[in-house]
Amino acid sequence: MAIRIMEPGLATTVQDRGRPGYYHVGIPQGGSMDQLSAEMANALAGNTPAEAVLECTYIGPRFTTDADAVIAVAGAPVDVLVNGTAREQWTRLELVAGDEVSFGMIRAGTRYYIAIQGGIDVPVVLGSRSTYALGAMGGFEGGTLKPGDTIDVGTTPSEHHASAADFIDESLRPSFDKNVTVRVLPGLYDHRLTEEGLDTLFSATWTLTPVADRTGLRYAGPAVTWKPRVQPFGAGSDPSNIVDAGYAIGSIQIPGGKEPIVLHRDAVSGGGYAMVATVISSDMDLLARSAPGTQTTFKPVTMEEALAARAEGKALRSRIWGSAGQ
Amino acid sequence: MPQEQQLEVPKYLSPRTDTPALTVGHGGCFACIYSVRGAGGYQMFGIAAAPIFDPAQLLSDFDDFMIFFKPGDIVKFKPVDEAEYRQIQQQVADGSFTYRQTPVVFDLERALAHPTEYNQEIMEHLNGH
Chain A
1 MAIRIMEPGL ATTVQDRGRP GYYHVGIPQG GSMDQLSAEM ANALAGNTPA EAVLECTYIG
61 PRFTTDADAV IAVAGAPVDV LVNGTAREQW TRLELVAGDE VSFGMIRAGT RYYIAIQGGI
121 DVPVVLGSRS TYALGAMGGF EGGTLKPGDT IDVGTTPSEH HASAADFIDE SLRPSFDKNV
181 TVRVLPGLYD HRLTEEGLDT LFSATWTLTP VADRTGLRYA GPAVTWKPRV QPFGAGSDPS
241 NIVDAGYAIG SIQIPGGKEP IVLHRDAVSG GGYAMVATVI SSDMDLLARS APGTQTTFKP
301 VTMEEALAAR AEGKALRSRI WGSAGQ
Chain B
1 MPQEQQLEVP KYLSPRTDTP ALTVGHGGCF ACIYSVRGAG GYQMFGIAAA PIFDPAQLLS
61 DFDDFMIFFK PGDIVKFKPV DEAEYRQIQQ QVADGSFTYR QTPVVFDLER ALAHPTEYNQ
121 EIMEHLNGH
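So the protein lines, in turn, are chains A and B.
Note that this note's numbering numbers the first sequence so that position 169 is 169, with each residue one more than the last.
Note that this note's numbering numbers the second sequence so that position 85 is 85, with each residue one more than the last.
Be aware that a few hints might be false.
[To be verified] Estimated spans, in silico, between C-beta atoms of each pair: (1) B:Q91 <-> A:E304: 51 to 61 angstroms; (2) B:Q43 <-> A:T302: 31 to 41 angstroms; (3) A:P210 <-> B:R37: 17 to 27 angstroms; (4) B:D63 <-> A:E141: 18 to 28 angstroms; (5) B:T17 <-> A:T205: 14 to 24 angstroms; (6) A:S171 <-> B:D73: 50 to 60 angstroms; (7) A:A223 <-> B:G46: 27 to 37 angstroms.
[To be verified] Taking beta-carbon pairs under 7 angstroms as the criterion, some of the chain B residues facing chain A (in silico): (8) S14; (9) G28; (10) C29; (11) F30.
Calculated from the structure, these hints are not laboratory results.
Glycine included, every Cβ here is placed at the ideal spot set by N, Cα and C.
Could you build all of it, start to finish, from the sequences and the hints given here?
Listed below in structure tokens is the structure:
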């Protein structure tokens with residue numbers, strides 16, 4: 001089976017759970033920005049969590065399938081249309097060969113995911129089907145989809161044809177609010193901010209700017225102050241500069257004391273700006289769902305709280321997968 | 001190199017959201033080649049003619065892995081004019097380009113004691129004369 005793309009949407013890419021293991025050589029982990037929504041789409045479509053899906057940003061594609069298919073759409077709220085008729089998100093949709101799927105404008109959030117039973121079948125590069133568009137690798141021909149692309153769909157093993165979930169209850173779905181609290185673990189360089197600067201970082205309401213993509217998200221708000229110091233040789237002249245170091249996924253830098261930048265899944269692996277905190281892995285999806293204008297506070301938590309949040313996320317995913325759990 | 005002979009420059013106070021692929025940058029005392037297009041905060045002072053990241057592994061220098069450099073590599077930048085830049089790009093396009101490279105055992109003590117002479121010696125080793 002194959003999907004034929006008539007209109008690609010704004011920046012539609014193939015993504016899966018990511019490509020861990022190569023960040024030290026500068027190849028980002030990548031993968032679906034909103035991992036939970038992508039996983040829910042897979043559960044609904046009768047896939048495993050590992051299948052590749054289509055990540056749609058703001059504007060989705062228009063496509064047909066050349067055979068009967070089962071799909072599901074999860075993530076940012078959007079009108080799903082099959083042959084022009086409105087259908088539901090968060091449930092499985094059965095298509096007949098030739099049905100045309102299209103989307104309206106999203107009503108909130110940033111990204112939604114289309115899973116198709118059998119998964120998007122593109123070559124596995126370094127262990128993943130995820131598209132790293134900046135590096136022109138992975139996904140479908142290394143980039144965003146184009147009109148006329150014909151994308152193969154995998155075959156589902158016969159022992160795994162039943163959906164883990166026919167429907168995701170509203171209480172389990174992620175929300176797409178314009179106000180979010182993002183939990184962060186302070187460090188490594190929080191001690192370089194003045195006491196007032198650190199207090200500003202964690203008490204201010206930051207507004208997500210339009211400078212937000214798979215690489216990172218930039219926030220506007222009050223300035224934060226760095227402690228003055230004699231910079232070590234090679235670091236650069238501003239107190240927000242460090243002698244270059246590795247960046248964690250989710251790390252927050254504040255170059256020049258203005259506009260915190262949070263690195264996301266396609267970020268560079270290192271650089272020369274001090275990281276004052278790191279978003280906990282459980283809240284990376286929250287950032288992925290944030291639309292420009294989202295009012296955001298960064299809340300410091302302990303490692304224990306971060307691990308508890310991770311355990312909560314795992315419990316939620318177990319509920320979704322139930323007996324089909326992975 | 002002694003510190004007084006090293007380049008040290010400021011980094012951007014507000015990083016760029018876009019940088020052309022293969023930009024040669026310098027920030028603090030570090031040089032870099034931006035392997036792909038994207039964000040960056042180093043000052044830009046050139047553009048490399050050949051890739052250092054080749055996910056399709058079309059060039060022979062990338063037979064082993066899609067990334068050219070390995071930790072510990074010593075890199076010499078060579079300025080080229082537009083004609084040579086175009087010629088290198090042509091070689092990249094037809095798959096014939098290879099980097100000039102040679103194995104070397106780096107002697108830190110000698111490098112610290114006689115940086116200029118030792119650098120010269122490594123260059124002769126690379127150039128074969």
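Each hint tested on the structure:
About 56 angstroms separates the C-beta atoms of B:Q91 and A:E304, a value consistent with the hinted range of 51 to 61 angstroms. In this structure the hint that B:Q43 and A:T302 lie 31 to 41 angstroms apart at CB holds, the actual value being about 39 angstroms. A hinted range of 17 to 27 angstroms holds for the C-beta pair A:P210 and B:R37, which are about 19 angstroms apart. Restraint check, B:D63 to A:E141: a C-beta distance of roughly 22 angstroms satisfies the suggested window 18 to 28 angstroms.
Judged by the Cβ atoms, the range 14 to 24 angstroms given for B:T17 and A:T205 holds: they are separated by roughly 23 angstroms. At about 54 angstroms, the CB distance of A:S171 to B:D73 agrees with the hint of 50 to 60 angstroms. At about 33 angstroms, the CB distance of A:A223 to B:G46 agrees with the hint of 27 to 37 angstroms. Interface hint status for B:S14: upheld, as the beta-carbon distance to the closest one in chain A is roughly 6 angstroms, under 7 angstroms.
Given the 7 angstroms rule on beta carbons, the hint for B:G28 holds: about 4 angstroms separates it from the nearest Cβ of chain A. Below 7 angstroms, beta-carbon pairs count as interface contacts, and B:C29 has one with chain A at about 3 angstroms; its hint therefore holds. This hint holds: B:F30 has a C-beta 6 angstroms from the nearest C-beta of chain A, less than the 7 angstroms allowed.
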